[in-house]
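Asks: Chains as they are written, first to last, in this note's numbering: chain A, 23 to 323; chain B, 76 to 460; chain C, 563 to 852.
Calculated from the structure, these hints are not laboratory results. Misleading hints may appear alongside valid ones.
Below 25 Å or equal to it, Euclidean Cα-Cα: the simulated DSS-like pairs (lysine-lysine) are [to be verified]:
1. C:K818 to A:K274
2. B:K215 to B:K204
3. C:K818 to C:K654
4. B:K262 to B:K89
5. B:K89 to B:K161
6. B:K215 to A:K140
7. B:K161 to B:K252
8. B:K368 to B:K426
9. A:K274 to C:K654
Now for the letters of each chain:
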Amino acid sequence: MTEAVTTPPAPPAPVVDGENARRRGWGWLLLIPGMLWLAIFFLFPTVQLFFTSLYDPSGSFERGYAMTWHVANYADAIIDTSNLFLRSFMYAAITTFVCLLLAYPLAYAIAFKSGRWKNVMLVLVIAPFFTSFLLRTLSWRAILSDRGPVTSFLQTIAILPDDGRLLATPVAVIAGLVYNFLPFMTLPLYASLDKVDHRLIEAAGDLYSSPFTGFRTVTFPLSLPGVVSGTLLTFIPASGDYINAELLGTPKQYMIGNRIQAAFLTERNYPLAASLSIILMVVVVLMVIVYVRRAGTEELV
Amino acid sequence: MTESTTGSSGAAGKDLRLEGVTKRFGDFVAVDDLTLTVPQGSFFALLGPSGCGKTTTLRMVAGLDEPTTGRVLIGDEDITDLRPYKRPVNTVFQSYALFPHLTVFDNVAFGPRRRGVKDYQQKTRDMLKLVQLEPYARRKPAQLSGGQQQRVALGRALINEPGVLLLDEPLGALDLKLRRQMQIELKRIQTEIGITFVHVTHDQEEAMTMADTIAVMNAGVIEQLGAPGDLYENPETTFVANFLGQSNLIMADVMDTSGRTVVVDCHGQQVGVESTRSHTSEGRGWLGVRPEKIFASPAGLENHDGSNVLTGGRVSDVSFVGVSTQYLVRMPWGQELMVFEQNTGQRAAFKNGDEVDLAWSRAHAFLLDADQDAQAGMMTPEADT
Amino acid sequence: MCTPTPARIAATIDTKSPKPPSRKGFGRWVSDHLVLFVGILVLVYTFVPIGYIFALSFNQPSGRSATAEFESFTWNNWETICEPDGLCGSLKLSFQISITATILATVLGTLMAFALVRHTFRGRATSNLVIFLPMATPEVVLGSSLLAMFVAVGVDGLLGFITLVIAHVMFTLSFVVVTVKARLAGMDSRLEQAAMDLYANEWQTFRLITLPLAMPGIVAAAMLAFSLSFDDFIVTNFTSGQSVTFPLFVYGSKLKGFAPQLFVVGTLMFLISFVFVIAAELWRRRRPTY
């Protein structure tokens with residue numbers, strides 16, 4: 023009789039833990055300095071940007087603008103730049119997809135195949151990004167240039183016609199975007215793959231899954247949180263970027279970021295720039311929210 | 076039963092007392108109006124299934140949870156509202172909560188240094204010697220085995236010479252063999268230094284091995300409190316009867332309560348229970364017998380003078396487990412009773428279908444109130460995880 | 563009633579499954595290592611521009627500015643890093659801004675992360691949203707709205723160090739909060755309870771237990787904030803006024819022509835941070851992980 027009970031003890035009821043881990047009281051005070059910073063330098067400017075977007079466009083930087091609740095700014099902005107918006111989101115979507123294709127094997131290899139080289143590989147993932155973003159983009163410009171090695175090679179094997187070029191094409195712009203945002207995809211993917219219990223994959227194999235089926239039905243679903251945050255961290259900056267389009271493309275490849283930047287800094291057409299910014303922000307945030315909802319991730323940050 | 080432990084304590088003056096302690100989490104009552112005295116120097120076990128309120132009780136003594144109502148006292152000092160670091164109480168946490176960034180030495184020295192003990196270095200070395208960890212003083216907890224980590228946790232708490240040492244499932248993370256060793260070790264240390272130990276566990280065997288007194292908790296209240304032997308031999312509720320070891324519970328009608336033996340009728344067969352072991356007086360009751368107390372014999376073959384006998388059983392299952400053979404015997408009313416027989420080798424084992432009589436001494440049965448659930452406290456695999 | 567059999571006991575103790583038997587055959591080997599091979603290829607691809615920058619740092623261009631082609635080898639660029647007008651000044655300004663912004667963002671963000679993980683209060687969900695929004699907003703919007711505000715309140719004449727620090731703290735803060743939060747959420751709150759049980763008051767518990775355990779997360783957050791800030795071009799371009807940070811200097815060279823010393827700086831940035839990270843990793847390996 024009195025057989026030993028060898029199952030590990032159940033953890034204490036979660037209510038008990040929650041009650042103690044999170045103390046009520048003055049804790050929210052810690053939030054105030056940072057929240058004030060965000061309120062003054064992010065929320066307030068965003069609201070103000072919204073009002074700026076409704077100024078009378080006939081004003082100018084020198085003469086000032088009149089607040090006329092000129093909603094038509096938005097219509098003008100959309101008509102004026104709808105192709106830029108479409109191109110930006112298309113480039114960003116392709117970039118995100120290619121990043122996922124490249125980063126997934128890399129993250130998977132680091133998480134499951136790297137053994138004791140895991141930390142070394144992780145360092146190597148971020149190492150190229152220690153150096154300046156602009157310098158790296160500039161060197162891509164050189165590498166992809168008309169007399170550069172990639173173009174010559176592609177011409178030699180006749181993928182590109184002899185007078186074909188890479189620089190100043192959408193391919194170059196997207197290649198630059200992919201390169202620059204790759205670690206934003208790799209690191210979240212790695213983080214969630216690393217949490218996947220390897221025994222689950224073995225269990226799938228034990229239950230007659232081929233390696234591919236095991237990946238499709240077990241590993242990939244478990245890595246979805248990383249896919250979600252990786253795609254977001256890639257898509258958001260890619261959709262607003264204008265450096266790659268400027269350095270690797272021509273005005274034909276310009277994205278919405280180029281237009282906003284020009285409207286603000288060159289033309290100083292603040293109502294137009296503001297309405298473009300608001301549209302971009304609203305579209306991105308809406309896409310993010312819909313995407314996150316559909317992916318079923320509750321906690322955003 | 077509560078009085079039996081309060082009586083002896085008066086002079087010592089450092090008993091741990093809980094008075095009418097209730098803890099609610101929202102609508103959930105974790106601990107319900109608990110009153111309890113733990114005599115100074117005793118090894119006291121709070122035993123119960125997970126969620127019974129035993130850990131919450133411990134945390135209220137440690138000061139990690141505040142009681143909704145009620146008071147916690149050590150001797151005459153009310154510590155209900157004291158912060159944890161002001162209490163003469165230390166805890167060995169479940170899975171130890173050793174500080175991962177500090178060495179073994181610094182873990183053990185943590186308490187004395189906070190209290191400004193001058194010769195904390197010498198005291199720490201002494202404590203490491205006591206828990207046999209001297210060679211590991213410079214290691215980090217992650218470099219130790221489970222048993223060594225457990226001893227660090229113990230040393231880290233004991234070095235403060237607390238009035239009460241609280242142990243929250245201290246052996247839960249160890250494997251079976253190490254648990255046995257540590258049970259003996261803990262008991263030895265407690266006897267040596269004489270500090271009050273309050274030990275929370277869901278393992279009834281662990282509680283019975285180590286504790287002087289066990290309080291069996293269920294759903295926020297104490298079901299029964301007493302010495303391990305008393306609880307086992309004379310349980311007062313079906314929960315205790317099932318949670319501590321195993322019991323056969325047979326529905327019976329109470330016939331006669333006038334003498335020193337209470338006579339009950341089990342499905343037409345009359346048996347007796349000593350009146351001190353009867354916890355119900357009229358109507359129906361659960362007649363309880365431990366499986367190892369039952370003696371099975373071929374039907375009608377043996378004389379059972381002075382024993383209770385139930386006839387008409389038929390063996391329905393035989394499990395040989397080495398030290399004993401465990402039978403299930405189907406009775407005429409359809410119930411299957413458990414019978415454990417020591418494997419002395421003196422008798423041939425029964426086979427499936429053999430007809431048997433079941434006998435036990437009058438001093439070994441107990442009678443419980445019939446209003447209770449006969450399944451209460453049973454350790455089903457589900458309840459145990 | 564349930565009688566645990568020895569087999570069940572053994573099953574509950576031994577939760578680790580044995581390693582799968584090693585497979586044999588070339589096909590197996592290839593399929594096992596294919597992913598690793600592809601992963602290494604991707605890594606190599608990310609190093610291509612680094613190699614290019616490294617090579618060009620030794621280039622002696624025939625004209626005034628570096629071209630795409632390697633012409634002749636020289637150490638000269640490494641000896642004359644500060645020669646191009648404003649290059650080292652821009653580096654210095656970048657360091658000043660990034661260090662200041664990193665300190666501010668790390669302190670503010672760590673406090674916020676503590677508040678969000680360790681305390682309950684009304685408005686947690688709203689706070690989380692406000693922290694999330696800057697990360698979901700394209701940088702060009704962050705920069706432009708901040709510039710519009712500076713112009714509107716009439717401080718556009720003062721654009722420079724202060725406005726850059728303000729902007730950099732603003733867009734790195736959320737990343738700090740998220741990084742520190744992840745570390746805190748994984749921390750066992752019973753360690754703090756154990757410290758309190760061992761006579762440490764609230765402040766001692768924080769100083770001796772919570773802070774040291776949160777430190778790897780805080781350090782990671784600070785490094786992230788620094789690299790985001792140091793490398794930022796878009797927000798900086800909007801809020802810099804006449805100040806020239808290193809990324810702005812590089813961008814400006816597009817018009818003036820690239821001095822080969824830029825590639826020296828790029829190589830140095832890579833080498834220094836690489837050595838730094840390797841050293842940190844070696845230091846971490848010396849100690850047991852926790």
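Asks: Against this structure, judge whether each hint is valid.
Replies: Verification of the hints:
1. C:K818 to A:K274: Holds - the C-alpha atoms of K274 (chain A) and K818 (chain C) are around 24 Å apart, at most 25 Å.
2. B:K215 to B:K204: holds, 17 Å
3. C:K818 to C:K654: Status holds; Cα separation ~21 Å.
4. B:K262 to B:K89: holds, 20 Å
5. B:K89 to B:K161: holds, 16 Å
6. B:K215 to A:K140: holds, 23 Å
7. B:K161 to B:K252: Roughly 37 Å separates the two Cα atoms, so the pair is violated.
8. B:K368 to B:K426: holds, 20 Å
9. A:K274 to C:K654: violated, 36 Å
Violated hints, in rising order: 7, 9; the structure is consistent with all others.
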